[in-house]
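**Q** Read off the chains here:
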Amino acid sequence: MNGEAILPYIIIIPLFGAFSMPIVSLAGRKAREAWAVLISALTLVVASALFYHVWDTKEIIVYTLGAKTPFGQGVDFPIRIVWEVDLLGAIMVLTVAFVSFMAILYSIGYMKHDTGLEKYYTLILILELGMLGIAITGDLFNFYVFLEIMSIASYALVAFRNDTWEGIEAGIKYMFVGSIASSFVLLGIALLYGQYGTLTMGYMAIKILENPTVTAKVALALFIAGLLFKSGASPVHMWLADAHPAAPSSISAMLSGLVIKIGGIYAMARILFSIYSPLANKILEAYNQPYINMGAIGWVIIIFACLTLIIGNAMAVIQTDMKRLLAYSSVGQIGYILLGLGIGLAAYGTQTGEVALAGAIYHTVNHALMKALLFLVAGAVIHEVGTRNLNELSGLAKTMPKTTFAFLIGAAAIVGTPPLNGFASKWLIYESSAVFNPVLGAIAIIGTAFCTAAYVRVLYTFFGRPSERIANAEDPETSMMLPMLLLVLAIVVMGLFPWQISDKVMIPAARMLEQFKFEYIQALISLAGGA
Amino acid sequence: MSDDMGVIVRTMARATIPLIGIFGAYVVSHGHLTPGGGFQGGATIAGAGILFLLAFGLSEMKRRYDKHLYSALEGIGGLVFLGAAMLGIGTAFFYNTLWHDGPVFNGEPGTLLSAGYLPIMNLAVGLKVFTGLVSAMAAIALYRRWKS
Amino acid sequence: MIPFQFITAFLMVAIGIYAFLYKRNLLKLVLALDIIDSGIHLLLVSLGYRMELKEPPTAPIYTGYETLKSAMVGPLPQALVLTSIVIGVCVLSLAVALTINAYRHYGTLDVRALRRLRG
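Chains as they are written, first to last, in the working numbering: chain H, 2 to 532; chain B, 13 to 160; chain G, 303 to 421.
Keep in mind the hints are simulated off the structure, nothing from the lab.
As the structure is a computational prediction, the values presented were derived from the model and not from experiment.
All C-beta atoms in this analysis are idealised placements derived from N, C-alpha and C, irrespective of residue type, glycine included.
Treat each hint with caution, since some may be false.
Result set (SDA-like, lysine to any residue): computed pairs, CA atoms no more than 25 angstroms apart in a straight line [claimed, not checked]: (1) H/K208 x G/Y351; (2) H/K69 x B/T28; (3) H/K31 x B/L91; (4) H/K208 x H/L528.
For the chain B half of the interface with chain H, some residues (derived, Cβ under 7 angstroms), not all of them [what the hints assert, rightly or not]: (5) Y77; (6) L81; (7) S83; (8) A84; (9) G87; (10) G90; (11) V92; (12) A104; (13) F106.
Partial list, computed: chain H residues near chain G (C-beta under 8 angstroms) [unchecked claim]: (14) G29; (15) I153; (16) A160; (17) I173; (18) Y197.
Take these sequences, add in the hints, and give me the full structure.
**A** Structure below.
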């Protein structure tokens with residue numbers, strides 16, 4: 002199968018679905034729901050094919066928009082928009098497509114009583130489109146456009162239930178913080194463009210190597226600041242704890258599971274490793290040339306990660322609102338992923354760094370599945386009981402056994418219990434952080450202790466004495482149960498082969514991201530010969 | 013109480029709205045030759061719609077504005093854009109096959125019927141921007157009147 | 303030559319950030335976002351200015367480009383700024399819609415009133 006031929010369909014299909022949604026929805030709600038499910042299922046098929054192709058060939062796909070080659074006539078630098086997909090991007094594409102499909106399937110039952118659903122399904126497809134675009138793009142401004150597509154769709158979706166004050170307040174906070182963060186990213190892009198006169202990531206990397214100026218460092222600082230905002234890292238995590246609970250649960254699942262990772266972690270990894278190549282900076286350092294100290298930047302990320310990890314997990318313990326607890330837990334888990342990323346950068350070139358990076362990628366995927374499952378469970382509880390206050394949900398295991406079972410699996414996985422998928426990824430991060438610096442390992446373990454306390458508390462409530470509030474609750478309908486069970490299945494199956502997945506997928510992905518042979522740049526430059 | 017802006021403004025608006033519309037249509041259709049294009053022209057035409065809303069008031073706007081029609085038109089604008097981008101999918105997404113070897117829109121650079129898919133895309137984007145901005149304005153104007 | 307346009311651009315960003323941090327009215331915050339965006343747009347579009355032929359450059363217009371005496375400004379930054387303006391319009395209209403909604407629920411535009419979510 003030709004990867005380059007199927008790559009554009011990953012954008013075309015959701016875009017077609019989103020644009021045709023107002024027309025299709027004239028035919029009634031059944032048509033609308035069927036259309037949304039069909040489109041996202043097709044996207045999932047294409048994403049799986051793309052992932053399989055990249056994983057199989059271990060080659061970076063470079064796709065040029067509008068021509069055969071990104072290089073213009075008579076010039077030796079890329080002038081067109083390119084999409085570059087390495088294994089990390091392909092993993093992200095698959096995760097996004099899968100979780101979005103689950104969320105859309107779940108929406109059929111969950112959003113039944115809401116109005117304005119044609120806008121809802123349009124926005125959810127646009128959100129998926131934005132995330133897929135970020136995962137595949139190889140052009141800085143294209144990245145910004147997709148980032149904004151994703152962000153605007155998610156602001157609108159957080160405030161979708163505009164008859165409640167909660168949604169509006171959370172939407173406004175999210176929008177202001179997110180817009181400021183996007184402005185930082187745009188300013189960084191503008192500075193880089195002004196300095197180096199290109200926007201293609203691979204070519205930008207070469208340009209930065211030739212002349213690492215102060216502007217590049219300022220731009221890097223702006224990128225990191227903006228993307229830490231977007232990923233909900235600790236000093237600025239408040240919007241996340243407001244926005245994710247206020248959204249409809251299917252959207253919370255996508256926001257917590259995907260948006261903060263694609264728009265924050267993945268984008269940061271792409272910029273740090275593909276544009277500001279750490280290997281080249283090490284070489285420059287060895288030859289006493291001007292260079293950018295990527296190790297120090299790794300340590301900055303590690304410090305933020307430790308703060309995030311402790312604060313997020315600790316705040317989760319004291320929440321009484323179920324969705325808020327999950328949102329704070331997301332903050333904590335972002336801390337683990339950032340820790341892996343930071344160690345991967347600070348210990349670049351060593352076995353430890355590679356393991357940490359693989360752990361971060363692995364945990365990103367795992368956490369997307371787990372947190373999506375947990376938010377879907379929370380949505381089911383809200384749908385059936387009408388409250389998300391933990392004090393009123395006592396004894397839910399009696400009346401909603403399947404839902405409670407799904408929650409049990411999700412909570413066990415997120416804490417890191419061995420037979421489930423969360424164990425392997427957390428283990429990789431613990432191991433590498435302990436080897437790198439024992440203090441970091443200790444902090445990671447403390448974070449997990451808090452996390453365990455938070456989830457044990459929820460489970461204790463669920464299995465406690467039944468309160469009268471939940472007497473009439475029952476397991477939700479099939480369209481809501483099915484996504485949950487599929488996610489449970491995914492978690493269990495991934496938990497059965499933890500080290501195989503790690504060795505076969507995550508380590509190669511980390512190695513491809515670290516680009517010891519400048520693969521990302523090579524893939525772009527190799528096209529120049531054909532021009 | 014009537015919510016329009018009086019007979020003077022209405023008369024002036026009646027005279028200027030077609031002119032604004034024509035200018036917007038010019039900007040859209042010459043988007044590939046001059047500064048401007050789909051978004052600018054669409055926004056100009058939407059300006060005519062907003063002038064209509066301001067001059068004639070919300071009640072008149074409600075009579076003329078059909079939500080479903082506008083959102084369907086917006087969708088059609090997007091679909092035409094996507095279709096134009098997919099014309100050259102055999103080579104690459106967004107490949108300008110009309111310009112390189114297509115039957116139409118491959119004239120001399122600088123003439124109206126040149127530049128391949130760009131005029132089509134400008135028309136589609138203009139339609140989408142016009143309907144989108146008018147819809148947004150109408151929604152905000154409708155929403156403001158919650159007290160009455 | 304002192305790059306006045308860069309100074310203006312960064313001044314605009316600074317003014318926007320100041321307003322964003324110290325103003326309490328929601329509409330002013332929306333304006334602050336817009337000012338920050340405008341500053342960045344000014345920076346981006348001024349990056350395309352070229353003085354290669356000693357004449358002030360013209361806009362990138364295709365009609366009649368053969369008779370042109372001077373260089374065109376770089377068209378790419380203009381395309382970028384245009385895209386960015388479109389995005390800005392989206393954010394602005396969404397922000398205004400949310401502000402109207404907030405006024406409906408809270409009866410005020412003061413951000414200090416938007417503190418019901420806590421914990």
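**Q** If a hint holds in the structure, say so; if it doesn't, say that too.
**A** The hints, checked one at a time:
1. H/K208 x G/Y351: 21 angstroms, holds
2. H/K69 x B/T28: 47 angstroms, violated
3. H/K31 x B/L91: 22 angstroms, holds
4. H/K208 x H/L528: 18 angstroms, holds
5. Y77: 15 angstroms, violated
6. L81: For B/L81, the interface hint is violated, since the closest Cβ of chain H sits about 10 angstroms away, which is over 7 angstroms.
7. S83: 4 angstroms, holds
8. A84: Nearest chain H Cβ about 5 angstroms off; hint holds.
9. G87: Constraint on B/G87 satisfied, holds at 4 angstroms.
10. G90: At about 3 angstroms, which falls below the 7 angstroms cut-off, the nearest Cβ of chain H leaves the hint on B/G90 intact, so it holds.
11. V92: 9 angstroms, violated
12. A104: Since the shortest Cβ distance to chain H is 6 angstroms, the answer is holds.
13. F106: 4 angstroms, holds
14. G29: 27 angstroms, violated
15. I153: Given a least distance of 5 angstroms, the restraint on H/I153 holds.
16. A160: Since chain G brings a Cβ to about 6 angstroms from H/A160, closer than 8 angstroms, the hint holds.
17. I173: 5 angstroms, holds
18. Y197: Violated. Min distance 11 angstroms.
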